[in-house]
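Make a model of the complete structure from these sequences and hints.
For the record, the sequence lines run as chains A and B.
For the record, in the first sequence the residue sitting at position 21 is 20 according to numbering that gives the first Met the number 0, with numbers rising by one throughout.
For the record, in the second sequence the residue sitting at position 128 is 127 according to numbering that gives the first Met the number 0, with numbers rising by one throughout.
The set of hints was computed from the structure by calculation and includes no laboratory data.
Hints may be right or wrong, so weigh each one.
[Claimed, not checked] Okay, the calculated bits of chain A under chain B, using three or more residues with CB under 8 Å as the criterion:
(1) 37-43
(2) 96-108
(3) 171-179
(4) 184-192
[As the list claims (entries may be wrong)] Chain A regions said to be covered by chain B (calculated; three or more residues, Cβ under 8 Å):
(5) 137-145
(6) 220-233
Cβ atoms here follow ideal geometry from the backbone N, Cα and C, with glycine treated the same way.
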Amino acid sequence: MKKLTVLIGLFVVLSLGSGLYAQITPDESLFREAKLLVYDKSWAAALIKLDDLREKFPDSPYAGQALFYKGECLSGLGGRERDALRAYKDYIRLADAKPSLVEESEGSIIDLAFGLYENGDAPAIGDIERRLGHDNKVVRYYAAYKLSLVSDKKAAAKAVPILSRIIETEKDPELLDRARIALLRVSPESLKSVEDRKPTPGSPRMLKIRVWNKGQKEPAFSLNIPWALADLALGALDEDDRAELRKKGYDLNKIMNELAKSKESILRIVGDDGSVIEIWIE
Amino acid sequence: MNKCALNRDDWAAYLSGDLEEGERRTMAEHLEKCPDCRAETDETRRVLEKADAVKAEIREAVASVNWEALPAMIADRVLTNAGQPEKALWAGWLRAWAFPLRMKPVLAGLAAGLVVGAVAMYFALKVPGPRSGQDTGYYASGDFLDRAELTMARRNTLDYLEKSQYVLLDVFESAGEGAGGPAAFSSEQARDLLSRKKYLNAQLERFQMAKAKAICDQIEMLFLELAQISGDLPAAELGRIRGFVEERQLLLKINLVKKELQSEI
Numbered sequence: 000m001k002k003l004t005v006l007i008g009l010f011v012v013l014s015l016g017s018g019l020y021a022q023i024t025p026d027e028s029l030f031r032e033a034k035l036l037v038y039d040k041s042w043a044a045a046l047i048k049l050d051d052l053r054e055k056f057p058d059s060p061y062a063g064q065a066l067f068y069k070g071e072c073l074s075g076l077g078g079r080e081r082d083a084l085r086a087y088k089d090y091i092r093l094a095d096a097k098p099s100l101v102e103e104s105e106g107s108i109i110d111l112a113f114g115l116y117e118n119g120d121a122p123a124i125g126d127i128e129r130r131l132g133h134d135n136k137v138v139r140y141y142a143a144y145k146l147s148l149v150s151d152k153k154a155a156a157k158a159v160p161i162l163s164r165i166i167e168t169e170k171d172p173e174l175l176d177r178a179r180i181a182l183l184r185v186s187p188e189s190l191k192s193v194e195d196r197k198p199t200p201g202s203p204r205m206l207k208i209r210v211w212n213k214g215q216k217e218p219a220f221s222l223n224i225p226w227a228l229a230d231l232a233l234g235a236l237d238e239d240d241r242a243e244l245r246k247k248g249y250d251l252n253k254i255m256n257e258l259a260k261s262k263e264s265i266l267r268i269v270g271d272d273g274s275v276i277e278i279w280i281e
Numbered sequence: 000m001n002k003c004a005l006n007r008d009d010w011a012a013y014l015s016g017d018l019e020e021g022e023r024r025t026m027a028e029h030l031e032k033c034p035d036c037r038a039e040t041d042e043t044r045r046v047l048e049k050a051d052a053v054k055a056e057i058r059e060a061v062a063s064v065n066w067e068a069l070p071a072m073i074a075d076r077v078l079t080n081a082g083q084p085e086k087a088l089w090a091g092w093l094r095a096w097a098f099p100l101r102m103k104p105v106l107a108g109l110a111a112g113l114v115v116g117a118v119a120m121y122f123a124l125k126v127p128g129p130r131s132g133q134d135t136g137y138y139a140s141g142d143f144l145d146r147a148e149l150t151m152a153r154r155n156t157l158d159y160l161e162k163s164q165y166v167l168l169d170v171f172e173s174a175g176e177g178a179g180g181p182a183a184f185s186s187e188q189a190r191d192l193l194s195r196k197k198y199l200n201a202q203l204e205r206f207q208m209a210k211a212k213a214i215c216d217q218i219e220m221l222f223l224e225l226a227q228i229s230g231d232l233p234a235a236e237l238g239r240i241r242g243f244v245e246e247r248q249l250l251l252k253i254n255l256v257k258k259e260l261q262s263e264i
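Set out below in structure tokens:
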């Protein structure tokens, strides 16, 4: 117990010592308080502190960063998306803007523009489209991904060249899968031509799944996707179909391994209700 | 031509054993006495025997037909033969096919029955199956793609949390050593994780991901701090971040959310 008391005492003394050594200035103190409120998502309280900082200490080295966090607060508050957009754009223009925060701001601008566009502000999409040509590929890729999700298919199609490029050049599997799904959503034929161009000797190219309900000639569910997304596809099967597979004792990973080994085979599962699930590879 | 008044429809039934006992006996007695009827019955029997053999052949033929591709094949043939004297060809084929049937109504009836039966059998027994060579393009429904993205978000969130743990532990190690050695490394990783988090945001908004969202958002704020650090991180700053992580029990929360996500994947 005594040892513990000594340790705590030592820790307090060291903390005080380092605190004195650091000599926190009032603007820094205000900035730290504001950031703690941002961590806790107390957006309104944080916003007051940040505005206070910018007003009282306009020349503070934290005044610029305060603009970025102001954007975070306005974005988090809801209903003030345009103000948030402005705050981020103002931050990006600063001479001493930090690259990591600039990248974050660009991403937030894309998100905000997407939300505004989907809520009827048509010109807002311009903020996304312009970022398709951004120098930073992180920004460029995210703009393409987000554009692929817009409801206007003509606008979404503008993302196709960047998404195709991601599939052709990137190695990161997470990024590749996202680009594939985005292309599948916007332009399946573009995905097909990109995948066909990629040399994959000996490996399967396409996974097909059909689910027929009893007595129906046309399948209730049809899927043709690149083999690269096969694992994801089985994970995303309808819960009833997955339950049917489990009930029959099929392990999804095992199925994929079996199918990959014997490319010609077809897995046919007939459910108790007469429905038929077929999975095969071409 | 047979002039007996007996119903010819009964012959087939007689031969296939479908007549009642009394009728069968009458028919048998008549056939013993009437050579014309006996001759026609013999011919009908031969036709029925051949029809049985043909039935199996038709079944085989029907099974071998690619019914999906048939309309396209017929259309191709018609287009290919467009320049030929089509009328004469068809007329000749029809005459050749129908003439013996016109002369033999029993045979005609049987053939028609077999064709109708075969077609009905195809539709009744047709089993859905893969159609190789067709629909070679990709397609997936919007619902499916949404589910796929949710599945991917779960996996990627799990990955994000695991990597976040490593970065935070890295920071802790630095704080323990009292120097900012690996700060630049952590900063780079933090920036990478920040860019990954953006892709997760939309899926994290779903109610299934609420707990994951809360922890991911907190980590994101920490990484914003780390990502800004270049060069050595002052010990005081490291201590501050460590204190924050401990106070919010972030590592414990990360582990709990990870377990939840693992059970859902």
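Item to check | Indices of hints not satisfied (ascending) | outcome: none
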